[in-house]
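K.L.:
Work the whole structure out from these sequences, hints included.
Quick note on the working numbering: the sequence shown kicks off at 501 and runs consecutively.
If you are wondering where the hints come from, they were derived from the structure by calculation, not from laboratory data.
Glycine residues also receive a C-beta, built at the ideal position from the N, C-alpha and C atoms.
Certain hints may be false.
Here are the simulated DSS-like pairs of lysine-lysine, each with C-alpha atoms no more than 30 Å apart in a straight line [claimed, not checked]:
#1 K522 to K582
#2 K522 to K536
#3 K536 to K582
Derived CB-CB ranges, DEER-like [unchecked claim]:
#4 H552 to E583: 17 to 27 Å
#5 E571 to K522: 32 to 42 Å
#6 T596 to W517: 31 to 41 Å
#7 N564 to P516: 33 to 43 Å
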Amino acid sequence: MALGYVGVLTIRVEMPWVASLKEKRALVRPVVERLKVRFPLTVARLDGLDAHDWEVIGVATLSNDYGWVEETLRMAADYIAKEGPYRVTSEQIEITPLGSDEDE
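P.N.:
The following block contains the structure:
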């Protein structure tokens with residue numbers, strides 16, 4: 501049995517109508533900041549920082565409860581999808597078990 505679980509969510513958002521990096525940051529950054537406050541997560545803008553029309557957002561969490569990790573990441577994905585004026589074009593959730601609580 502695992503000691504805990506690390507969950508990682510990656511979401512690609514696209515906004516083809518955006519013409520500048522400043523405009524894109526104004527759309528993405530508030531959602532990222534609100535996500536950090538609303539959920540027990542670590543959130544980062546991972547890729548597309550130099551592109552004006554897309555970005556990849558990464559979210560991570562850790563718990564001893566697999567179901568909680570899965571549910572929290574799903575709620576984060578739903579929040580990102582509904583809060584921003586962009587299109588979510590892909591999302592991926594990976595949950596990795598950590599160690600073992602059995603004596604070796």
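K.L.:
Which numbered hints are broken by the structure, listed smallest first?
P.N.:
Going through the list in order, the structure violates no hint and respects every one.
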